[in-house]
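Novice: Sequence:
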Amino acid sequence: MESSVIMNLVQLRAPKVLVATVLLLRWMDNLAFTDQYVLFDLFSGCGNVHKEWSAAGYSSACFDKLYGPEMDFLSCAGFSLSIYAALNMIPDGVAVIGPDCSSWGIPARGSSGRNFINPNGYTHRAFVNSNNCLVSRMVLLLLVLLSKHCCFIVEQPHQSLLYRSARWEWFCNRVARVFEVGFWMLRHGSPSAKRTKCFSTMATLLQLDHGVLSKAEREQKTTLTTVRKHTNKQGKTTFSGKKAELKQSGT
Numbered sequence: 001m002e003s004s005v006i007m008n009l010v011q012l013r014a015p016k017v018l019v020a021t022v023l024l025l026r027w028m029d030n031l032a033f034t035d036q037y038v039l040f041d042l043f044s045g046c047g048n049v050h051k052e053w054s055a056a057g058y059s060s061a062c063f064d065k066l067y068g069p070e071m072d073f074l075s076c077a078g079f080s081l082s083i084y085a086a087l088n089m090i091p092d093g094v095a096v097i098g099p100d101c102s103s104w105g106i107p108a109r110g111s112s113g114r115n116f117i118n119p120n121g122y123t124h125r126a127f128v129n130s131n132n133c134l135v136s137r138m139v140l141l142l143l144v145l146l147s148k149h150c151c152f153i154v155e156q157p158h159q160s161l162l163y164r165s166a167r168w169e170w171f172c173n174r175v176a177r178v179f180e181v182g183f184w185m186l187r188h189g190s191p192s193a194k195r196t197k198c199f200s201t202m203a204t205l206l207q208l209d210h211g212v213l214s215k216a217e218r219e220q221k222t223t224l225t226t227v228r229k230h231t232n233k234q235g236k237t238t239f240s241g242k243k244a245e246l247k248q249s250g251t
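Each residue of the sequence shown is one higher than the one before, starting from 1 at the first, in full-length UniProt numbering.
Accuracy of the hints is not assured; some may be wrong.
Unchecked claim - Ranges between beta-carbon positions, derived for each pair:
#: 1; residue 1: 76; residue 2: 191; range: 34 to 44 Å
#: 2; residue 1: 233; residue 2: 26; range: 11 to 21 Å
#: 3; residue 1: 173; residue 2: 102; range: 17 to 27 Å
#: 4; residue 1: 29; residue 2: 195; range: 46 to 56 Å
#: 5; residue 1: 6; residue 2: 69; range: 51 to 61 Å
It should be emphasised that the hints constitute simulated quantities derived from the structure, not laboratory data. All C-beta atoms in this analysis are idealised placements derived from N, C-alpha and C, irrespective of residue type, glycine included.
Given these sequences and hints, build the entire structure.
Specialist: Below, the structure written as structure tokens:
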């Protein structure tokens with residue numbers, strides 16, 4: 001397995017430091033490597049995807065900073081742990097990835113400075129810089145997953161600018177053929193309408209689009225709202241996000 005993964009990484013034009021990291025992990029005597037995981041739920045939150053797959057009898061791994069600081073994807077230890085999990089995926093396994101969208105979406109455009117022309121945004125701001133780093137590391141992890149012949153699904157809000165990241169564009173233009181689909185989560189049983197888009201190496205992803213959602217149907221069936229409407233001190237109508245509901249809408 002070791003030689004085939006390394007050769008695949010080289011063919012995928014993976015950075016040498018990533019190849020070296022994989023080799024160092026493989027050479028550690030206290031780590032066991034077995035193709036055991038069918039699903040890798042990265043940034044899993046409350047782990048609903050992991051729970052559903054486990055209940056169906058599939059072996060799965062979930063990874064999120066909420067479970068402990070050792071699973072901080074932006075730390076050296078956390079990133080190494082995520083690579084270790086990816087190296088234990090079975091061929092044709094699936095990774096479901098929901099990276100932090102806090103600085104990529106429309107609500108943060110003013111403070112993040114992101115736009116179509118300048119997707120990197122205000123890099124001197126910590127929350128913007130950390131999201132840029134996260135996407136770069138996610139692309140590195142995707143290279144490891146592809147070297148294991150695994151598929152992936154990356155989820156983002158519909159108007160997220162993550163797809164404009166230079167690292168992501170490099171991956172899609174130089175490494176893999178990536179399909180994109182937009183759909184309403186309400187069509188899949190979610191209490192929130194939430195227009196969402198996903199990216200994947202699987203063309204079957206396009207089947208997630210179950211058609212348009214009219215305004216009347218959206219208002220009638222939505223039972224979870226993620227924003228609160230109120231009037232500020234200047235008398236202007238403003239909107240603010242509901243933290244708990246926003247978290248729930250992404251599951």
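Novice: State for each hint whether it applies.
Specialist: Here is how each hint holds up against the structure:
1. 76 with 191: 34 to 44 Å: 38 Å Cβ-Cβ, so the 34 to 44 Å window holds.
2. 233 with 26: 11 to 21 Å: This hint is violated: roughly 59 Å between Cβ atoms.
3. 173 with 102: 17 to 27 Å: With a Cβ separation near 26 Å, residue 173 and residue 102 satisfy 17 to 27 Å, so the hint holds.
4. 29 with 195: 46 to 56 Å: Distance hint for residue 29, residue 195 holds at roughly 49 Å.
5. 6 with 69: 51 to 61 Å: Violated: the Cβ-Cβ distance is about 30 Å, outside 51 to 61 Å.
Of the numbered hints given earlier, the model fails hints 2, 5; all others are met.
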